[in-house]
Amino acid sequence: MGCDRLRKEYLLLDKVEGPLILLSGVEDVSYGEIIDITMEDGQSRKGKVIKIEQDKAVAQVFEGTSGMSTHNVSVQFTGKPFEISLSKGILGRTFNGIGMPIDGGGEIYSGKVYNVTGRPMNPVARQYPRNYIQTGISSIDCLATLIRGQKLPIFSGNGLPHNELAAQIVKQAKIQESEDQEFGIVFAAIGVKHDDADFFRKNFEESGVLERVVMFINLANDPIVERIMTPQCALTAAEYLAFEEGMHILVIMTDITSYCEALREISSAREEVPSRKGYPGYLYSDLASLYERAGVMKNRKGSITLLPILTMPSDDITHPVPDLTGYITEGQIVLDRELYQKNIYPPVNILPSLSRLMKDGIGEGYTREDHQDVSNQLFASYSKVQDVRALAQIIGEDELSPVDQKYMEFGRVFEERFVGQSFEEDRDMIETLDLAWEILSILPPEELDRVSPTILEKYFPKG
Amino acid sequence: MNREGLINMVNGPVVQAANMSDFQIREMVMVGEKKLLGEVIGLEGDIGTIQVYEETEGLKTGEKVLSTGKPLSVKLGPGLIGNIFDGIERPLSKINEISEGFIPEGIGLLSLDTEKKWEVKLLVKEGDKLKEGQIFGEVEETSLITHKLIVPPGISGRVVRVKDSGSYSIEETLVELQDEKNNTHELKMYQEWGVRMPRPVQERLPISRPLVTGQRVLDIFFPIAKGGTSAIPGGFGTGKTMTQHQLAKWSDADIIVYIGCGERGNEMTDVLEEFPKLVDPKTNKPIMERTILIANTSNMPVAAREASIYTGITIAEYYRDMGYDVAIMADSTSRWAEALREISGRLEEMPAEEGYPAYLPSRLAEFYERAGCVTTLAGGEASVTIIGAVSPAGGDFSEPVTENTKRYVNAFLALDRKLAYARHYPAINWLSSYSGYVKVLGNWYRENVREDIMDLRARMLAILQEEDKLQEIVQLVGEDVLPDDQRLIIEIARVLKVGFLQQNAFHESDTYVPLEKQYEMLKCIEFLYDKAHAAIRKGVPISAVRDQNLFGEVTGMKYTIPNDDLSGIQRLKEKIEAYYDELLKKYQ
Numbered sequence: 001m002g003c004d005r006l007r008k009e010y011l012l013l014d015k016v017e018g019p020l021i022l023l024s025g026v027e028d029v030s031y032g033e034i035i036d037i038t039m040e041d042g043q044s045r046k047g048k049v050i051k052i053e054q055d056k057a058v059a060q061v062f063e064g065t066s067g068m069s070t071h072n073v074s075v076q077f078t079g080k081p082f083e084i085s086l087s088k089g090i091l092g093r094t095f096n097g098i099g100m101p102i103d104g105g106g107e108i109y110s111g112k113v114y115n116v117t118g119r120p121m122n123p124v125a126r127q128y129p130r131n132y133i134q135t136g137i138s139s140i141d142c143l144a145t146l147i148r149g150q151k152l153p154i155f156s157g158n159g160l161p162h163n164e165l166a167a168q169i170v171k172q173a174k175i176q177e178s179e180d181q182e183f184g185i186v187f188a189a190i191g192v193k194h195d196d197a198d199f200f201r202k203n204f205e206e207s208g209v210l211e212r213v214v215m216f217i218n219l220a221n222d223p224i225v226e227r228i229m230t231p232q233c234a235l236t237a238a239e240y241l242a243f244e245e246g247m248h249i250l251v252i253m254t255d256i257t258s259y260c261e262a263l264r265e266i267s268s269a270r271e272e273v274p275s276r277k278g279y280p281g282y283l284y285s286d287l288a289s290l291y292e293r294a295g296v297m298k299n300r301k302g303s304i305t306l307l308p309i310l311t312m313p314s315d316d317i318t319h320p321v322p323d324l325t326g327y328i329t330e331g332q333i334v335l336d337r338e339l340y341q342k343n344i345y346p347p348v349n350i351l352p353s354l355s356r357l358m359k360d361g362i363g364e365g366y367t368r369e370d371h372q373d374v375s376n377q378l379f380a381s382y383s384k385v386q387d388v389r390a391l392a393q394i395i396g397e398d399e400l401s402p403v404d405q406k407y408m409e410f411g412r413v414f415e416e417r418f419v420g421q422s423f424e425e426d427r428d429m430i431e432t433l434d435l436a437w438e439i440l441s442i443l444p445p446e447e448l449d450r451v452s453p454t455i456l457e458k459y460f461p462k463g
Numbered sequence: 001m002n003r004e005g006l007i008n009m010v011n012g013p014v015v016q017a018a019n020m021s022d023f024q025i026r027e028m029v030m031v032g033e034k035k036l037l038g039e040v041i042g043l044e045g046d047i048g049t050i051q052v053y054e055e056t057e058g059l060k061t062g063e064k065v066l067s068t069g070k071p072l073s074v075k076l077g078p079g080l081i082g083n084i085f086d087g088i089e090r091p092l093s094k095i096n097e098i099s100e101g102f103i104p105e106g107i108g109l110l111s112l113d114t115e116k117k118w119e120v121k122l123l124v125k126e127g128d129k130l131k132e133g134q135i136f137g138e139v140e141e142t143s144l145i146t147h148k149l150i151v152p153p154g155i156s157g158r159v160v161r162v163k164d165s166g167s168y169s170i171e172e173t174l175v176e177l178q179d180e181k182n183n184t185h186e187l188k189m190y191q192e193w194g195v196r197m198p199r200p201v202q203e204r205l206p207i208s209r210p211l212v213t214g215q216r217v218l219d220i221f222f223p224i225a226k227g228g229t230s231a232i233p234g235g236f237g238t239g240k241t242m243t244q245h246q247l248a249k250w251s252d253a254d255i256i257v258y259i260g261c262g263e264r265g266n267e268m269t270d271v272l273e274e275f276p277k278l279v280d281p282k283t284n285k286p287i288m289e290r291t292i293l294i295a296n297t298s299n300m301p302v303a304a305r306e307a308s309i310y311t312g313i314t315i316a317e318y319y320r321d322m323g324y325d326v327a328i329m330a331d332s333t334s335r336w337a338e339a340l341r342e343i344s345g346r347l348e349e350m351p352a353e354e355g356y357p358a359y360l361p362s363r364l365a366e367f368y369e370r371a372g373c374v375t376t377l378a379g380g381e382a383s384v385t386i387i388g389a390v391s392p393a394g395g396d397f398s399e400p401v402t403e404n405t406k407r408y409v410n411a412f413l414a415l416d417r418k419l420a421y422a423r424h425y426p427a428i429n430w431l432s433s434y435s436g437y438v439k440v441l442g443n444w445y446r447e448n449v450r451e452d453i454m455d456l457r458a459r460m461l462a463i464l465q466e467e468d469k470l471q472e473i474v475q476l477v478g479e480d481v482l483p484d485d486q487r488l489i490i491e492i493a494r495v496l497k498v499g500f501l502q503q504n505a506f507h508e509s510d511t512y513v514p515l516e517k518q519y520e521m522l523k524c525i526e527f528l529y530d531k532a533h534a535a536i537r538k539g540v541p542i543s544a545v546r547d548q549n550l551f552g553e554v555t556g557m558k559y560t561i562p563n564d565d566l567s568g569i570q571r572l573k574e575k576i577e578a579y580y581d582e583l584l585k586k587y588q
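Chains as they are written, first to last, in the working numbering: chain A, 1 to 463; chain B, 1 to 588.
Pulled out of the complex, with its shape left as it was, chain A reads as follows (with noise of 0.2 Å):
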């Protein structure tokens, strides 16, 4: 009896549509749990049951039903949620959007399976990420600065380049202590180009980490039920590596807005009611699902630091997508189509971008004491540099007064220089503070009221 019980087999589905099957006279069916079915080619699929009532049960197929009829397959209910085995054998594998290998490297023997729907985080069992991540960018790191345990979005636009940015900060990425413990990389991409994951691919590569990484694959034109279930699968395996196996994981996760769109393709064939866009009303909580399970455990010895990407359509922050994903993370890191359209690379528009934790992870004993007072002055004279272009536009730049046109300087030097820095360009987090001081001095010093009189007198450079 139980589950040495022979499954029952259910030949007839009542209805399929779009990713969607539905059977009935269906008897012991539990929330949540994977189905088999096979196709009349012998072929096996996986679904997924979502909804129960009565002797009916509504399930999404992952790999989608094209092929199916609903009189040619024969579905299995295994009773079990969905699981992935997992060891430290996935590092340096590739696996699709459920989790299986496609890089023809064999199944993964583990004696451990692993349910993807995570269980919360307990907040008291969390530690409060302290410890900052040098990306070697200056904008990041003086200005939004990543904390390890952080959940911290790239919110994009079609085009900006983002993904040039996400390669540059894993190859870049250092923690500041000296440690042993070993670091790793989860990549999911969900609902990517090809060219962008083979993009990845290539980097990871060249930066000599590859045999670090674990990645999940769903490309564009994979099946969008597969697509909902690689961030879960991907942070599955994360939580493996960092809590079990004590490794810092950072996840960059490419891109949301295909994952959001595809949660959205299932609520409408489901016949939900909508809420912002189309979006099912439930989007902020499964969004918050991936997001929380970034961190830092008491007791335990890893840290999950998540980088999602996100492509704001149309380049609005305001669309649910980066306005749920922002009211979750950490802050954020925004690129900005005008300054890339001005050749500054990465274009990270700092007045929107923000990270949360970083003011528990700079300053004297974690980075430098000023660091503070910089990153607080940069963000006030750079939004005043904002209105004083608004006033050049109008009244031209020579008739502005002196001071603001040494604001306009700033302007410029802050945004070609301090900003902008090759791909290949690795700085250190002295040397980017250093910088900020040094393009600080074209303001006269009056104008920095953000800084104390001691950190000015002692930073400010003389001459």
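A couple of the hints might just be wrong.
[Stated by the list, open to error] Below, a sample of chain A positions facing chain B; criterion: calculated Cβ distance under 7 Å:
1) S30
2) Y282
3) A288
4) L351
5) L354
Don't read these hints as lab results, they were simulated from the structure. Cβ coordinates follow ideal geometry from the N, Cα and C atoms, glycine included.
Mind docking chain B on chain A? Use the hints.
For chain B alone, kept in the frame of chain A given last:
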């Protein structure tokens, strides 16, 4: 009676079961073999609809739904303060002992620690008549808060048996009451209360006292009242949580209930790590000794998010009934509204605006109306203040949650993205914010701070408003073309903005500023304005009037003048006076 339902539908957190005709609406139930906690939210024929507070993966049709016979309720007693609970008052540290790291489902209903012994002082003797709400004993819950044991509402009678003062656990009966019908009631250290029902009070009082927060922009410009309601709306990154944390740390309420509703896990961890280290300026005790945390982080089950707000306010009302001023911070009410929307969607209810259910406004009203300044059943004056953060989608204040919240709160502290981008914190926009309490609190301010404070406030606010208009002109033609008296307005507004409105939460002394210093700072800025203005009217050019050092010194008052020694402000005023006297002599 049939108290066992059979599950026939599962859809995310919503479950339907048959055979439930004897269940009650809002009853707490246990669902399935894992005994997941849930609440009955609909009954039709013998079909009951249940929202489940835990992950439902693995539930099957045909599994049982068990009745508990009571509505979703919380245990109220000693052990709440200094603790962190989930949305249905289960202690998270206890959960972490059971299952380290991640929160499993099916761990059942945990609540206050039943083992711990408390030192109880009983204040009644046999033969005493007690009525509902009366205080019959005291427990020192923390070094800061005396937990008063109160007769639960609805119960009264004569004391027929009472234990001696001593050490007891919360499950022990301390007092037995006999009422007029000769029924016996056992009083323990705790009582249970259904979260959705407001606790009764004797009467509601008009609002008359401010909640002093030590935050200049609030205390002076947009005061919050004890027993009042306020909302803090703002897009992401504008500093809602930061502002809420500041209020939780420094406001002069006796008890703080902080609800992290659908927000980040790390923020709760931050509070847990930081609050025990912070010392309350009034009492010199760690502020954790007056704080209760409720956490339903964004990845915890959505139905418990809906409940967390009610759990929090019920706990707040309980401490209010002991005679305390309680402030409750709900961060964020939008997540709660979204939880309503999500469950409503699963129930296939007809949506109103943006998919929110049509009952959103009435739910919001029910919540905010539980705030108030009251006479408790025991006869003391006490209050519950609600400060709700709102996270409008896209930062657009015209969305349903912000719009409806606006109707039920009296203080609206609008956070502004542009200010936040310029790192002007707290990013409370002084033009779009308002406080309906300015008038009712005027007398308190005049009596407790200084007679002219309200006039000073009005005058400075007028300067800020004027500056905003002038900035529009400056944007078009530049600052140089303005006449000198208008340029002075811009300069003074800058001093106000940087030196007064901006407050550094990370600075040791600037994070909390006593009212006295707030007043003196503002008075000094006014003094500077008056002197400078007089000089301009005598024809002194702005370039000489706006002395870099002098203006810089006034702007820097917040850092240079210690909170407990304001004599420096007097010296600064003398310096201002001397400077302008000198200047006028030169230009005569």
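Okay, the hints, checked on the actual structure:
1. S30: holds, 4 Å
2. Y282: This hint holds: Y282 (chain A) lies near chain B, its Cβ roughly 5 Å from the closest one there, short of 7 Å.
3. A288: Holds. Min distance 3 Å.
4. L351: Since chain B brings a Cβ to about 4 Å from L351 (chain A), closer than 7 Å, the hint holds.
5. L354: With Cβ-Cβ at 5 Å, under 7 Å, it holds.
Of the hints listed earlier, there is not a single one the structure fails to meet.
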